[in-house]
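Peer 1: Please model the entire structure based on the sequences and the hints provided.
Protein chains: 2
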Amino acid sequence: MAKKQTKTAFQVAFGKHLEKLRTERDLSYRQLAQRCDVDFSNISKIEKGEINIQLSSVLQLAKGLNVNPKQLFEFEFDLDKE
Amino acid sequence: MAKKQTKTAFQVAFGKHLEKLRTERDLSYRQLAQRCDVDFSNISKIEKGEINIQLSSVLQLAKGLNVNPKQLFEFEFDLDKE
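Residue numbers (UniProt numbering), protein chains in the order written: chain R, 1 to 82; chain E, 1 to 82.
In short, the hints are calculated from the structure, not lab data.
Careful: at least some of the hints might be erroneous.
Stated by the list, open to error - Now the in silico label distances, taken between C-beta atoms and shown as ranges:
1. E:D37 with R:S28: 32 to 42 Å
2. R:D26 with E:E76: 23 to 33 Å
3. R:D26 with E:S41: 38 to 48 Å
Unchecked claim - With a straight-line cut-off of 35 Å between C-alpha atoms, the simulated DSBU-like cross-links for lysine-lysine are:
4. R:K16 with R:K45
5. E:K81 with R:K70
6. R:K63 with R:K7
7. R:K48 with E:K45
8. R:K7 with E:K45
9. E:K20 with R:K45
10. R:K16 with E:K70
11. R:K16 with R:K70
12. R:K45 with R:K70
13. R:K16 with E:K63
14. R:K63 with R:K20
15. E:K48 with E:K16
16. E:K70 with R:K45
To be verified - Covered stretches of chain R (in silico footprint by chain E; criterion: 3 or more residues with CB under 8 Å from a CB of chain E, positions within the stretch not fixed):
17. 7-16
18. 74-80
Owing to the predicted nature of the structure, the values given are computational and were not obtained by experimental measurement.
All C-beta atoms in this analysis are idealised placements derived from N, C-alpha and C, irrespective of residue type, glycine included.
Peer 2: Shown next, in the form of structure tokens:
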């Protein structure tokens, strides 16, 4: 897991989408964490856009949600935002 | 940029797709690097699946290629592979 860093608009957008995917599946932070190799306290931080996660965590979250990794990026994001 | 790590099937798949997007645009490593905040020597390593990059680098590569970040993940990947 990457260390905590400054929030960025992209991290925040990713986090909001992750939260949507998780809650649509009626999973708590803890339940999602139990399905993948990401600490449950970090899931909350990722959803708030506080962590600049690595590809390995993207894959873990995809496994935990049982979605293709690309679905984690299926949100609108304006490239000019940052 | 995250430190160099062990190759994983997901990193390799991501890297191959990145190479496809870059070469489709007739961009060299150096040309892509000039368009984004990623060192040109790292672009080669990312394409080989040698770096577990962070969300910030995903965004930079998307900017350099002028694609939506989600397009960087539009490749097939079997979750059971790792």
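Peer 1: Determine for every hint whether it applies to the structure shown.
Peer 2: Going through the hints against the structure:
Range check, E:D37 to R:S28: about 36 Å between beta-carbon atoms, so the 32 to 42 Å window is met. For R:D26 paired with E:E76, a C-beta distance near 28 Å keeps the hint of 23 to 33 Å intact. R:D26 and E:S41 have their C-beta atoms about 45 Å apart, which keeps the hinted 38 to 48 Å range intact. For the hint linking R:K16 to R:K45, the alpha-carbon distance of about 11 Å falls within 35 Å, and the restraint holds.
A threshold of 35 Å between alpha carbons decides the hint, and for E:K81 with R:K70 the separation of about 15 Å falls inside it, so the pair holds. Pair hint R:K63 plus R:K7 holds up; C-alpha atoms about 24 Å apart against a cutoff of 35 Å. For a cut-off of 35 Å, the pair hint linking R:K48 to E:K45 stands: about 30 Å separates their Cα positions. At roughly 26 Å between alpha-carbon atoms, R:K7 and E:K45 fall within 35 Å of each other, so this suggested pair holds.
Proposed proximity of E:K20 and R:K45 is supported: the alpha carbons are some 33 Å apart, at most 35 Å. The hinted pair formed by R:K16 and E:K70 meets the criterion: a straight-line CA distance of about 15 Å does not exceed 35 Å. Between R:K16 and R:K70 the alpha-carbon distance is near 15 Å, which keeps this suggested pair within the 35 Å criterion. Pair hint R:K45 plus R:K70 holds up; C-alpha atoms about 21 Å apart against a cutoff of 35 Å.
With a CA separation close to 21 Å, the supplied pair R:K16 and E:K63 stays within the 35 Å bound. A threshold of 35 Å between alpha carbons decides the hint, and for R:K63 with R:K20 the separation of about 16 Å falls inside it, so the pair holds. Taking the CA atoms of E:K48 and E:K16, the gap is about 7 Å. The hint holds against a cut of 35 Å. For the suggested pair E:K70 and R:K45, the alpha carbons sit about 21 Å apart, so the restraint of at most 35 Å is met.
With 4 residues having a beta carbon nearer than 8 Å to a beta carbon of chain E, the segment 7-16 of chain R meets the requirement of three or more and the stated coverage holds. Coverage of the segment 74-80 of chain R by chain E holds. Counting CB-CB distances below 8 Å, 4 residues qualify, and the rule asks for three or more.
Checked against the numbered hints above, the structure breaks none of them.
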